[in-house]
Amino acid sequence: MSGATSTGTSTSTSTGTSTGTGTGTGMGTDAGAGTDAGPPDAHALARRCAEAMWAADPASRRLGMRLADVGPGTARVTMRVTGDMLNGHGTCHGGYLAALADSAFAFACNTEDEVTVAAGFDIVFVEPAVLDDDLTADAARRVRRGRSGVYDVTVTRADGTVIAEYRGRSRSLGRPLLTAGSTSPPAATSPTTPATDGGRA
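Under my numbering, the first residue of the sequence shown carries the number 474, and numbering increases by one thereafter.
It is possible that part of the hints are untrue.
Said to hold, decoys possible - Restraint-style ranges between C-beta atoms, simulated for each label pair:
1) 528 with 590: 14 to 20 Å
2) 621 with 561: 35 to 41 Å
3) 647 with 562: 42 to 48 Å
4) 532 with 640: 19 to 25 Å
5) 561 with 619: 22 to 28 Å
6) 597 with 556: 21 to 27 Å
7) 562 with 648: 17 to 23 Å
In case anyone wonders, no lab produced these hints; they're calculated from the structure. C-beta: ideal position from N, C-alpha, C; glycine also.
All chains, full assembly: derive it from the sequences and hints.
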């Protein structure tokens, strides 16, 4: 692990800092991890938004991600490190860690039926993740002013060790995420259903 700092896309090392631009689209929900208390209708809206995004997000599904929880301005996404995710040092490639955090960020900033994308992000790799590590990314909104927001994501392994810290900057596009009369996606692509088309849930 080089501990190097780079600008652009995430590095393949497991420690260090990288800066880049996210996709703003994320991606898996069991209740219990949310941090923002909100009225029941706000939580229902967050769930509907997450289901709509999950149904349209093959990237996160193919990486074996699951959305374990979603609430107003919050999301928890999990992923297991597979052999295909390892770099030349035998640890999880930084790009996969960034993708996990970015997916959690995307779900957290799209919980209020307003299409929101990433303006950019920074990620610090604290510890390496290794084969078969079960990783969790917890995202939470720190501030939102107008159409811009700031979200923090902490990536941990099952024993609680912090693997990475991510900060995302969001920008709303000012249009609804859900269409009139939209419904939940089929069970096969529901956030509560394990991914079956890639990775291991």
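For each hint, the structure was consulted:
Take residue 528 and residue 590: their Cβ atoms lie about 18 Å apart, and the range 14 to 20 Å holds. Between residue 621 and residue 561 the Cβ separation comes to about 38 Å, which falls inside the hinted range of 35 to 41 Å. Distance hint for residue 647 and residue 562: a CB-CB separation of about 43 Å, consistent with the stated range 42 to 48 Å. In this structure the hint that residue 532 and residue 640 lie 19 to 25 Å apart at CB holds, the actual value being about 21 Å.
In this structure the hint that residue 561 and residue 619 lie 22 to 28 Å apart at CB is violated, the actual value being about 43 Å. In this structure the supplied range 21 to 27 Å holds for residue 597 paired with residue 556, their Cβ-Cβ distance being about 25 Å. Here the CB-CB span from residue 562 to residue 648 is close to 43 Å, at odds with the stated 17 to 23 Å.
In this structure, the earlier hints numbered 5 and 7 are contradicted, and the remaining ones agree with it.
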